[in-house]
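Position chain B against the provided structure of chain A, taking the given hints into account.
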Amino acid sequence: MHDFLDMGGYGLYVWPSYGLAAAVLAWNIWSALRLQRIALEHARRRVAIAKSDAERAAH
Amino acid sequence: MATWTWFHKLSSPPHFYRIAGKMIPWYAIPAALLIVAGIYGGLVAAPADYQQGEAFRIIYVHAPSAWLSLMCYTTMAVAAAVGLIWRIKLAHALAAATAPIGASFALLCLVTGSLWGRPMWGTWWVWDGRLTSQLILFFLYLGYMALRSAYDDLQRADRASAVLALVGVVNVPIIHFSVYWWNSLHQGSTVIRKDGPAMPPSMLVPLLMCFAGFTLLYAALACVRVRAEVLNRERNATWLKELSPS
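Residue numbers (my numbering), protein chains in the order written: chain A, 1 to 59; chain B, 1001 to 1246.
Errors might be hidden in some of the hints.
If we take Cβ atoms under 8 Å as the criterion, some of the chain B residues that face chain A in the derived model are [to be verified]:
1. Glu1054
2. Phe1105
3. Val1111
4. Arg1118
Derived CB-CB ranges, DEER-like [said to hold, decoys possible]:
5. B:Ile1085 - A:Ile29: 28 to 34 Å
6. B:Ile1085 - A:Ala23: 36 to 42 Å
7. A:Ala23 - B:Pro1030: 18 to 24 Å
8. A:Ser31 - B:Gly1196: 34 to 40 Å
9. A:Ser31 - B:Pro1030: 45 to 51 Å
10. B:Thr1005 - A:Leu12: 56 to 62 Å
11. B:Trp1127 - A:Glu41: 42 to 48 Å
12. A:Ala23 - B:Leu1166: 51 to 57 Å
13. B:Pro1197 - A:Trp30: 30 to 36 Å
14. A:Arg56 - B:Leu1147: 36 to 42 Å
What the hints contain is simulated information worked out from the structure, not anything from laboratory work. Every residue gets a Cβ at the ideal spot worked out from N, C-alpha and C, and that includes glycine.
Next up, chain A with everything else stripped away, as it sits in the complex (with noise of 0.2 Å):
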C-alpha cells in the first residue's frame, strides 16, 4: 500500500494529477445538474405565470 502511494517517489506528482481530475470530473456533472435543475424550475415558473394570466383573462 505504502508503495503503491509512493508512486516510485512520484507519488507528489501523480496523486495531484488524479485528484484534480476527480475535481473536473464532479465539477461537470454538478454544473451540468444544476443548470438542468434551475432551467426546469424557471421554465415551470413561466408556464405557470402564463397559465394564470389566461385565467385572469378568461373571467
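Relative to chain A, chain B alone:
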C-alpha cells in the same frame, strides 16, 4: 430526402429535448464504467514505464483531457458554423453548452501536463509550441464564454461568439502538429502514429478506455446542458406545459 426529415425533426427543440433526455443514461453509464476501468487499469494494472517509471501514469488523465479539449473546440466550431449558416438555434445551443466543458478539460490538461513535466523535464512550464497553443485554446474558451455573457440578446450572443469560435478553430491543427513543426520538450503522439501505438496492450487498453469514457461523458454532459439551453430559449411554447405535472 429521408435523412433531411430526420435532421429537421431532431433540430426541433421538443424532439431534441425528448430524444436527448432518453440518450443520457446510454452515454453516462458506459462512460462511468469505462472511466473507472480505465483509471484502475492505468493506476494499478499497467506496468511502470521503462523510461518514466510510475510518473507515466499521469497520461491516463492528461491525454484524454487533451483530446476532449480539442474535440470540444472542434464540436463548438462546427456547431457555430451550422448555427450561422442555417440559422439553427439548437446548433448555437450546442456550441454554448460545449464551451465550459471544453474549458474545464483544457485546464485539466494544462495542470496535469505541468505536474508531469516537472519530474520528467525538470520544469513546470516552457513556452514552446505545444504548451503555448494549448494555453491559447484555454483562453479561447474563456473569451468565447466572456463574449457570450457580454450580450443580453441571445441571438447577438450566438452570432458574435460563433464568429470567435470559427476564427479560433485554426488553433486546433496547430496544437496537434506543434510537436512536429517546432522543437518541443513535449513527446510526440503515443497512440496515433504511422507505425501503430507505441505501447503494449496492458498500457494501451486502459488508455483507450479513458479516451472512450471521457468522450461518452462529454456526450452525456452535452445532452444535459443543451436540454437546459433549450428550456431557457423556449419562451412560450406549448410543449413546455407537458414538463410540469401541475
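So, going through the hints one by one against the coordinates:
no. : hint                            : in the structure
1   : Glu1054                         : holds, 4 Å
2   : Phe1105                         : holds, 7 Å
3   : Val1111                         : holds, 6 Å
4   : Arg1118                         : holds, 6 Å
5   : B:Ile1085 - A:Ile29: 28 to 34 Å : holds, 33 Å
6   : B:Ile1085 - A:Ala23: 36 to 42 Å : holds, 38 Å
7   : A:Ala23 - B:Pro1030: 18 to 24 Å : holds, 22 Å
8   : A:Ser31 - B:Gly1196: 34 to 40 Å : holds, 38 Å
9   : A:Ser31 - B:Pro1030: 45 to 51 Å : violated, 21 Å
10  : B:Thr1005 - A:Leu12: 56 to 62 Å : holds, 57 Å
11  : B:Trp1127 - A:Glu41: 42 to 48 Å : holds, 46 Å
12  : A:Ala23 - B:Leu1166: 51 to 57 Å : violated, 31 Å
13  : B:Pro1197 - A:Trp30: 30 to 36 Å : holds, 34 Å
14  : A:Arg56 - B:Leu1147: 36 to 42 Å : holds, 40 Å
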